[in-house]
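Per my numbering, the sequence shown starts with residue 276, numbered consecutively.
Read the hints as simulated data drawn from the structure, not as lab findings. Beta carbons are placed, not taken as given, at the ideal position from N, Cα and C, and that holds for glycine. Hints may contain errors.
Computed Cβ-Cβ distance ranges for the label pairs, DEER-style [what the hints assert, rightly or not]:
| # | residue 1 | residue 2 | range |
| --- | --- | --- | --- |
| 1 | Val-399 | Gln-557 | 22 to 32 Å |
| 2 | Leu-494 | Val-336 | 48 to 58 Å |
| 3 | Arg-358 | Leu-494 | 22 to 32 Å |
| 4 | Val-336 | Ser-561 | 21 to 31 Å |
| 5 | Gly-382 | Val-493 | 21 to 31 Å |
| 6 | Thr-438 | Gln-394 | 33 to 43 Å |
| 7 | Pro-433 | Ala-579 | 15 to 25 Å |
| 8 | Glu-379 | Lys-489 | 42 to 52 Å |
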Amino acid sequence: MAGCPAWLLRDPVPGMRARHGSLHASDLVPVDSAGRYVNERIVLRSASGLRAELLLRRPAVTAASPAANPRATTGSEAPSARRRPVFIILGGHTTQERAATLIEDPGDNIVAAMAYPFQGDPRVKGLAVVPLVPRIRKALLDTPPAVMLALDYLRARPDVDTTRIELVGASFGAPFAAMTAALDTRVTRLWLVHGAGQPYALLEHNLRKSIPWKAPRVLVAALADLLAAGPRFAPERWVPLVSPRPVIMINATEDERLPRSAIETLHDSARHPKEIIWLPGQHIRSNRKAIIEGLVKLVLERSALPARAGS
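Let the sequences and hints guide you as you build the complete structure.
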């Protein structure tokens with residue numbers, strides 16, 4: 276038992292590198308088209324056995340552009356030779372790849388929202404979580420390599436500008452985005468939207484409503500942090516390694532989910548070029564449409580500008 280915490284907190288990077296492996300196959304299935312944009316579901320498989328799934332939203336093919344082959348099994352066939360910036364999104368644990376559909380107008384960009392590689396119901400709560408802990412932990416450890424596999428696929432598409440690979444970690448997705456950007460230099464800029472450091476502090480803070488008594492709350496938060504390898508995933512460990520690529524944080528002044536101290540810890544740990552932008556409002560949620568629209572507008576407008584070293 277004495278070695279259990281050490282085993283749970285062992286260095287995850289070698290295992291992640293092995294799970295990333297190499298892109299073995301990809302399947303593209305058109306989902307629907309809405310006006311100027313087409314949504315496509317893409318399933319990727321690594322030689323390691325890792326499976327990654329994403330929902331891609333791209334500008335529709337024009338009459339002058341070659342048509343996409345819906346039966347493509349590699350990343351070599353794409354709808355247009357024009358290269359566009361791509362925004363890879365790691366969103367909420369329930370929204371997942373559907374985050375792509377929340378961005379109604381991504382402009383002249385490609386959006387690729389990731390599904391988390393968890394085999395189970397992401398909405399499960401309470402004691403029902405206990406038997407799922409091994410699968411949850413596996414999914415957490417598989418998320419960065421799944422994003423790396425998506426990078427393999429996206430960079431091989433002729434419609435992707437490989438000098439504009441923007442990784443966006445929103446809320447739950449922020450730690451995974453920070454870790455992936457630190458490990459994979461193909462990410463050209465990191466966005467942390469409504470993210471913060473100190474995983475244990477975040478767990479304890481968000482358990483206050485369901486566990487009002489401090490002693491059991493602290494115990495539950497500490498156990499959850501250990502089982503989820505929180506100290507290893509803490510974004511403040513990884514975000515310094517993203518430099519010299521830019522890091523942009525966007526946070527809410529009335530965020531009910533993130534303590535200000537945890538937000539500041541993450542920002543302070545980043546190296547230049549870095550920037551933090553404060554917006555009025557609460558934490559991002561899929562049913563807070565005005566907040567999502569404001570964030571999308573800001574990211575798209577800010578992404579067209581050069582990096583700033585301000586804090």
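Okay, the hints, checked on the actual structure:
Our hint of 22 to 32 Å for Val-399 and Gln-557 holds, since their Cβ atoms are close to 25 Å apart. Checking the proposed 48 to 58 Å range against Leu-494 and Val-336 shows it holds: the Cβ atoms sit about 55 Å from each other. At roughly 52 Å, the beta carbons of Arg-358 and Leu-494 sit outside the given window of 22 to 32 Å. Checked against the hint of 21 to 31 Å, the C-beta distance between Val-336 and Ser-561 comes to roughly 29 Å, which is consistent with it.
Our hint of 21 to 31 Å for Gly-382 and Val-493 is violated, since their Cβ atoms are close to 45 Å apart. Our hint of 33 to 43 Å for Thr-438 and Gln-394 holds, since their Cβ atoms are close to 35 Å apart. Restraint check, Pro-433 to Ala-579: a C-beta distance of roughly 22 Å satisfies the suggested window 15 to 25 Å. Under the hint 42 to 52 Å, the C-beta atoms of Glu-379 and Lys-489, about 43 Å apart, fit the expected range.
In this structure, the earlier hints numbered 3, 5 are contradicted, and the remaining ones agree with it.
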